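Chemist: So the chains spell out like this:
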Amino acid sequence: MLSESSRMSSAAEARFRVQAPNSRPREIAVIAVDTTSDRVVRRLAEGTWNHATFLTAAHITGMASPDAGAGSLMNLSGGTADLAGEVNRVDLVVMVASPGGHANAVAMIGEACSHKRVTTTALVVSAATASDDEVARTLAQLRPWSLMVVIANADDYIEDMLMALRAS
Amino acid sequence: MLRKEQNDLLTQTGPGTPMGRMFRSYWVPALLAEELPVNECPPVRVKLMSERLIAFRDTDGRYGLIDEFCAHRGVSLWFGRNEECGLRCPYHGWKYDVTGQCIDVPSEPEASGFSKTIKLKSYPLIERGGVLWTYMGPADTQPPLPEWEFATVGPKQTLTTKRIQESNWLQAMEGGIDSSHVSFLHRGDLNSDPLFKGARGNQYNLSDSRPVFEVVESPGGLYIGARRNAEHGHYYWRITQWVMPSFTMIAPRGNHSVHGHFWIPIDDETCWAWSYDYHPIRDLTDAEIGMMREGKGIHVRYVPGSYQPLANKDNDYLINREAQKAGRTFSGVEGIGMQDASLQESMGPIVDRTKENLVSTDNGIIMARHRLLRAVKAFTDKGIVPPGIDAVHQKVRSAAIILPPDQPFKDGAREAMIARPAVAPASV
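In order, the protein sequences belong to chains A and B. Mapping to the numbering used here: the first sequence position 119 is 119, numbers consecutive. Basically the numbering used here = 1-based index in the second sequence + 168.
These are computed hints drawn from the structure, not numbers from a lab. Predicted model only: the values in this text are computed from it and were never measured. Idealized CB from N, CA, C, for every residue including glycine. Be aware that one or more of the hints could be misleading.
Stated by the list, open to error - Some chain A residues close to chain B (C-beta under 8 angstroms, calculated; not the full set):
1. 92
2. 111
3. 114
4. 118
5. 139
6. 150
Whole structure, please, built from the sequences with the hints as guidance.
Modeler: If you want it as C-alpha cells, here you go:
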C-alpha cells in the first residue's frame, strides 16, 4: 500500500490542488535613487505593470535627512510624490541604484520603510563595468537600509525580478 | 513566479529540448566509480536526461556508456554478458564495445562486415574524483574535462555520494540556493550534526537569526552571500557558490570539510542529488567518512543495496512528530538531505511556478532562473557557450569570512573564492 506521501505527491494528485488565488495582489514601489538608475527605471516603466509604481529620487543630490520624507519623491511625470503615502500603500520598496555612491536618498527612504515595517530590496544596476570602489560606495549607502541586496550585471534583471514578484 | 512556457523551458531536459541541449554542453556526473568497481563487472542501468543507457567497464578497464537496448530486438543490455572487451546481448549474442560499436553478430558471416554497420548511441565516460562523468553533447563541442576541486584533490581528501530525488531537477537545485530556509528547516542540526558542530561561525548563526542576503552575479553563475553581525561592527559572511547549470558549494564551518551538490536530471520528474564533501588541504578522517556513510551532514542513509534514501516518501520519510514538537528537528524529518528532499518532493514532480508567491529573499532563485533563461536563449539562438563550462568557472570555492561593513564580499573574499591547490579554505 502506498504511503500518504507517495500518493499525494504524484502528478495525478496535482490536478486536485485548490485553484483559487492564494494571495491578494501585492504592490511594489520602484524608486530610482540616482541618475543612472533613473534611466533604467524610466525604461522599465514603459512596460505594462499593474502592481508597480515607479518613482524617482534622483534629483536629491545632497544627503537627505531621514525625516525629510514628505513630498520629496517625484513621479516620472515630474510631479511630487509623498514618500510616507507611497510607503503606506505598498508591500515592498525596491531601491534601484548604480555604482558610484550617489544614492543620497536611501537613508530617507529606508527610514520611512523601517517606520512602517515595509520590506526593502536594493538593486545595484550597471555593475558589470564598475570598479570595486564604486560598488563599495553604493553598498555603504544601501546596506543599512536593505533586507536584500542584488548586484546585477545586466539592467534587464529588474524586469524579471518584478515579474517574479507578480508586479505585472 | 514563472510563466508556464518558462517553467516548461527550464524543467524539460529530454533530447531535443532547449534546456536539454544546454545541459548536454557540460560534463555531468553519471554514476559513482564504485558502481563499476572492477573490469568485467555487471553493467549498470543509467537514465540521464530522459535517455536510457547502460554503463559498463570492459576487460581492459575502459568505461562505456551506451544505449541500453540491443539494436537487434530491443532487449535490455542490462542482461548482457560483460566479456572479452564487450557487452554481449544474451538473446542472440550481438556484442558491443565501449563506443557502442557492434563487434560481433554470430548469425551473420564475419566476412560480411554486417556488424560494422551497427552502432549504438554512446557517450564518453571518464573517472575523476571517484565519479564517472559523461558528456552527452555533440562530439565537436566536447569541453575540457571537469575541474571541480572536489574531483581533483587527492582520493583521501574527498567523498561523493548520491541519492535519488523524486522531483524535477530545478526545484531540487533551487533548494540549494535558497539560503533563507536554513534558519528554519535545518536549525536543529547546526549544533548537533557532527559534521557541522563546534565551528565559531555557528555562534554568529545562532545569535543572529535574521541574516541579510546579497546576490551577486559571478562569471559562472552566482555568489549568494548571507550576512550576519560579528564583533566590532564587522559582518560575518557565508558565501555560497552556484555555478551553472546545477552545481552548488555551501560555505564551510571551522575545519570541517567543504560540501555541496550537483543536481542532474534523470528525467523530468526525478533527479540525482549528488553530494560531495572534501577538504582542500587534508585527508578526510576515518571518523568523518564513517559519519558521511552513516548519513550525517548532507548525506543520507540508504535502503540497503540501492541509492534510494532509507527515509523516503514510501514510508512518509519516517517523520517523527515528537521530535518536531520537541524542536529536535524542525520538520520532524531527520537529516539535512531528507529534510530538503521531503519538502521538495511534496511540491509534486514538477512544481507549478505560475502559482508561487516569491518574496524579496527569493532573489537568489529569481536571479538563477534569470541567468538560466538568458543562457539557454543565447545558446539556442546564437550558439553561445553557457557559463560553467570554462575551467575558471569550476575552480571556485565557497567561503565563510569576516569583513568590514562597507566592503563588497566579492572584493573582500575575492582570493578566498578561487580554488588553489594546498591553500586552506576561508572558514570561520
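Chemist: Hey, does the residue 139 of chain A contact hint survive, CB to chain B under 8 angstroms?
Modeler: holds (6 angstroms)
Chemist: Given residue 111 of chain A as an interface hint, is its Cβ closer than 8 angstroms to any Cβ of chain B?
Modeler: The hint is violated - residue 111 of chain A has no Cβ within 8 angstroms of chain B, the shortest such distance being about 17 angstroms.
Chemist: Checking hints one by one. Is residue 114 of chain A an interface residue toward chain B, by the C-beta closer than 8 angstroms rule?
Modeler: violated (13 angstroms)
Chemist: Please check whether residue 118 of chain A passes as an interface residue: C-beta within 8 angstroms of a C-beta belonging to chain B.
Modeler: violated (11 angstroms)
Chemist: Does residue 150 of chain A pass the interface check with chain B, least Cβ-Cβ distance below 8 angstroms?
Modeler: Check passed: Cβ of residue 150 of chain A comes within 5 angstroms of chain B, closer than 8 angstroms.
Chemist: Is the shortest C-beta separation between residue 92 of chain A and chain B less than 8 angstroms?
Modeler: Holds, because the Cβ-Cβ distance from residue 92 of chain A to chain B comes to roughly 6 angstroms (cut-off 8 angstroms).
Consistency note: the structure conflicts with the earlier hints numbered 2, 3, 4.
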